[in-house]
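Protein chains in written order, with the working numbering: chain A, 1 to 361; chain B, 1 to 307.
Source of the hints: derived by calculation from the structure; they are not laboratory data.
Keep in mind that a hint or two might mislead.
[Said to hold, decoys possible] Pairwise CB distance ranges, derived in the manner of DEER restraints:
| id | chain 1 | residue 1 | chain 2 | residue 2 | range |
| --- | --- | --- | --- | --- | --- |
| 1 | A | ASP128 | B | GLY252 | 54 to 62 angstroms |
| 2 | A | THR91 | B | VAL158 | 50 to 58 angstroms |
| 3 | A | THR124 | B | GLU237 | 47 to 55 angstroms |
| 4 | B | PHE117 | A | THR124 | 46 to 54 angstroms |
| 5 | B | MET125 | A | ASP128 | 57 to 65 angstroms |
| 6 | A | GLU119 | B | ARG11 | 20 to 28 angstroms |
| 7 | B | ALA108 | A | ASP132 | 21 to 29 angstroms |
| 8 | B | ILE27 | A | ASP128 | 29 to 37 angstroms |
| 9 | A | GLY308 | B | MET296 | 44 to 52 angstroms |
| 10 | B | ILE120 | A | GLY14 | 25 to 33 angstroms |
| 11 | B | ALA108 | A | THR91 | 26 to 34 angstroms |
| 12 | A | GLY308 | B | THR22 | 56 to 64 angstroms |
| 13 | B | TRP212 | A | PRO37 | 37 to 45 angstroms |
| 14 | A | GLU151 | B | ALA108 | 30 to 38 angstroms |
Just so we're clear, the structure is a prediction, and the values are computed from it rather than from any experiment.
Each residue gets a CB set at the ideal place from its N, CA and C atoms; glycine is no exception.
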Amino acid sequence: MSAIHLQNLVKKFGDFTALKTMDLAIADGEFMALLGPSGCGKSTTMNMIAGMEEPTSGKILFGERDMEGVPMGRRGVGFVFQNYAIFTHMTVRQNLAYGPRMRGAAKAEIDRRVGAIAEMLQLTPLLDRKADRLSVNILQRVAIGRSAIMEPAIFLLDEPLSNVDAAFRAVMRTELKQLQRQFKQTMVYVTHDQLEAMTMADRIAVMDHGVLQQVGTPFEVYNNPANVFVARFIGSPGMNLLKGRPAESDRGLVVDLGPLGVTPPLPDAIAPAVRAARADVLYGFRPEQVAVSDRGLSMPVSFVERIGARTIVHLGESESAVKAVFENDVGLAIGQTAIVAPAESSVRVFDAATGQAIKAG
Amino acid sequence: MRTVQAKPALRDEGAKLGFRLTLPAQILVLFIAVFPLLMQLYISLTDWSPLSGTGWWNAWSMWNNFANYTDLAVDARFWSALRRTAIVMIVCVPVEFLLGLALATLFADEFPGKRIFYSILLMPMMVVPAVAGYMFFMLFQSGGPVNDLLSAISGMPVTIAWLSDPTLALIAVMVADIWQWTPLMFLILLAGLVGVPEDQIKAATLLGANPWQRFITIVLPKMKTIVIIALAIRMIENFKIFDTLYIMTGGGPGVATETISVYIYKLTTQDLIWGYVAAIALAILIVLSIAAVFAMKRMARAREVPA
Numbered sequence: 001m002s003a004i005h006l007q008n009l010v011k012k013f014g015d016f017t018a019l020k021t022m023d024l025a026i027a028d029g030e031f032m033a034l035l036g037p038s039g040c041g042k043s044t045t046m047n048m049i050a051g052m053e054e055p056t057s058g059k060i061l062f063g064e065r066d067m068e069g070v071p072m073g074r075r076g077v078g079f080v081f082q083n084y085a086i087f088t089h090m091t092v093r094q095n096l097a098y099g100p101r102m103r104g105a106a107k108a109e110i111d112r113r114v115g116a117i118a119e120m121l122q123l124t125p126l127l128d129r130k131a132d133r134l135s136v137n138i139l140q141r142v143a144i145g146r147s148a149i150m151e152p153a154i155f156l157l158d159e160p161l162s163n164v165d166a167a168f169r170a171v172m173r174t175e176l177k178q179l180q181r182q183f184k185q186t187m188v189y190v191t192h193d194q195l196e197a198m199t200m201a202d203r204i205a206v207m208d209h210g211v212l213q214q215v216g217t218p219f220e221v222y223n224n225p226a227n228v229f230v231a232r233f234i235g236s237p238g239m240n241l242l243k244g245r246p247a248e249s250d251r252g253l254v255v256d257l258g259p260l261g262v263t264p265p266l267p268d269a270i271a272p273a274v275r276a277a278r279a280d281v282l283y284g285f286r287p288e289q290v291a292v293s294d295r296g297l298s299m300p301v302s303f304v305e306r307i308g309a310r311t312i313v314h315l316g317e318s319e320s321a322v323k324a325v326f327e328n329d330v331g332l333a334i335g336q337t338a339i340v341a342p343a344e345s346s347v348r349v350f351d352a353a354t355g356q357a358i359k360a361g
Numbered sequence: 001m002r003t004v005q006a007k008p009a010l011r012d013e014g015a016k017l018g019f020r021l022t023l024p025a026q027i028l029v030l031f032i033a034v035f036p037l038l039m040q041l042y043i044s045l046t047d048w049s050p051l052s053g054t055g056w057w058n059a060w061s062m063w064n065n066f067a068n069y070t071d072l073a074v075d076a077r078f079w080s081a082l083r084r085t086a087i088v089m090i091v092c093v094p095v096e097f098l099l100g101l102a103l104a105t106l107f108a109d110e111f112p113g114k115r116i117f118y119s120i121l122l123m124p125m126m127v128v129p130a131v132a133g134y135m136f137f138m139l140f141q142s143g144g145p146v147n148d149l150l151s152a153i154s155g156m157p158v159t160i161a162w163l164s165d166p167t168l169a170l171i172a173v174m175v176a177d178i179w180q181w182t183p184l185m186f187l188i189l190l191a192g193l194v195g196v197p198e199d200q201i202k203a204a205t206l207l208g209a210n211p212w213q214r215f216i217t218i219v220l221p222k223m224k225t226i227v228i229i230a231l232a233i234r235m236i237e238n239f240k241i242f243d244t245l246y247i248m249t250g251g252g253p254g255v256a257t258e259t260i261s262v263y264i265y266k267l268t269t270q271d272l273i274w275g276y277v278a279a280i281a282l283a284i285l286i287v288l289s290i291a292a293v294f295a296m297k298r299m300a301r302a303r304e305v306p307a
């Protein structure tokens, strides 16, 4: 009953189109992350689900129920704001009790529910503390508790970890994921941080410029990006993409990269589709799946970043720049020429004109 | 003097140097603030008047053993002026507050023509009080626009003598004060209103609070400090109400609109009993100071909870 369906959802602010025809189905109990750079329309989508903004056209269904005209206080959604929006002039108890109190619940009933939710979130010893001097993880729990006490079928979280320092974010991520398991609600989580999306979400909806780019599990969007944007955006560093033209060789179909030479033969699974496409392509592979080899792409080393567990080697420059990530150290120095070969299974090919992935036929 | 928080030796050194450096300013402050106060206290204990033919410093020769203060305690005209001042304050300040709050709530949202209405609304505040006094003096004449308007509405000729009827004169004076000072209340409260965090209001809405509940549970508590400041400013100012009122009615008819300031003004310029005037002014200063200290303590407590 708490599945969410977005159908042909469009949002315009004057001449500016924030969201272009979005279709998305979020299953009951699913943790869906809306991921994208700022201005991609993810927050607009979330605000429309919450009822803070009206869609220009299109439909939002909760289960079977059309949400058009249902005001935000009656949609049964819990919303956790970026800065938590805790009522700082109240105590933790008053914050938790706010929803039931506004709906005129009986005092005994409110006390019982506040007690239960505080117990669940380990807030019981803090109930009578003023809410303006709490640490961030407590604020997060109060914000979640304040919404959860209304037993919403849907939880919306708007970048709740963006104000938290990096070290603490890992703790909060774990806590949040555990809370979701406890509540078993449908959760929609807006973020620009792929690490948050990858670690917590069941599925990720990648968005850019108001267009939904791809929906899939974290592994799907990482391994099989639907287009060039997703390939570059997911992963750090993102996927290497080299412009080239498919060419036949005696070893099979290869990509002619111009001055860089030709690539190793394309995997048999995608070669027929690339051959059929007859277009310029982008040859893509993950930086993590590159090996130093005696046959492959010969490129000068332009920079070496050593960050403990990993070493990132920058090869070539501008249009034909490639990054390679190695575990531990690698015997390459600036100025040397390295011969690198991407693992065959990691190679993805995109149509250079449309940016779409060329998938195995 | 506040002690400086530093190491003992340094603190002594610093405090001494600081005292020496600020000495000229402190003497100036003493001269401006404390000297007139002491002079006033001195004169209030005597029968001195500018007609006594001797300087105020010789007033000790007219020492009257606190007679001014004992007179004050039984001065019916003083007490009725004080009561009237309180009535004006009790009516005007809440009306100005509620009107200002309603207008501020209206102006917190966008609507067409907002900027023009905003400018028009602030205009009464810019009018010189004496000019406002003349405006309302003319508006409330028995052949004036107010009666014309009432005639047009009721369909019968209305000739109410607003400023000659004791009760109506007081009402007219209060209307003028409300007209002139609601804009200030509006301005202060609007500043407080736009400072209320928008996402807390949204959060309250999502939790099912209706607009009235949001206003009572989120908006007003967040504005607490600014509400106290606005009320304190207007109460202190309103207590001293004089210029508009004096031009409209001169305190009359009789003493029907005579407030403390008007009473003091009359005693000073007509009766010339300056010793008595000094006693009244000092008594009021003490009462107002106690009220101000009380208000400031409330404010400090409110500020401990940042919005």
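Now for the hints, and whether the structure bears them out:
1. Checked against the hint of 54 to 62 angstroms, the C-beta distance between A:ASP128 and B:GLY252 comes to roughly 58 angstroms, which is consistent with it.
2. The hint said 50 to 58 angstroms for the Cβ distance between A:THR91 and B:VAL158, and at roughly 57 angstroms that hint holds.
3. For A:THR124 paired with B:GLU237, a C-beta distance near 49 angstroms keeps the hint of 47 to 55 angstroms intact.
4. A hinted range of 46 to 54 angstroms holds for the C-beta pair B:PHE117 and A:THR124, which are about 51 angstroms apart.
5. B:MET125 and A:ASP128 have their C-beta atoms about 44 angstroms apart, which leaves the hinted 57 to 65 angstroms range violated.
6. In this structure, A:GLU119 and B:ARG11 break the distance hint of 20 to 28 angstroms, their C-beta atoms being roughly 51 angstroms apart.
7. At roughly 23 angstroms, the beta carbons of B:ALA108 and A:ASP132 sit within the given window of 21 to 29 angstroms.
8. Under the hint 29 to 37 angstroms, the C-beta atoms of B:ILE27 and A:ASP128, about 51 angstroms apart, miss the expected range.
9. A:GLY308 and B:MET296 have their C-beta atoms about 57 angstroms apart, which leaves the hinted 44 to 52 angstroms range violated.
10. Between B:ILE120 and A:GLY14 the C-beta distance comes to about 29 angstroms, which sits within the given range of 25 to 33 angstroms.
11. Checked against the hint of 26 to 34 angstroms, the C-beta distance between B:ALA108 and A:THR91 comes to roughly 27 angstroms, which is consistent with it.
12. Between A:GLY308 and B:THR22 the CB atoms are about 58 angstroms apart, so this pair conforms to the stated range of 56 to 64 angstroms.
13. Restraint check, B:TRP212 to A:PRO37: a C-beta distance of roughly 40 angstroms satisfies the suggested window 37 to 45 angstroms.
14. Take A:GLU151 and B:ALA108: their Cβ atoms lie about 32 angstroms apart, and the range 30 to 38 angstroms holds.
Hints 5, 6, 8 and 9 from the earlier list are contradicted by this structure; the remaining hints agree with it.
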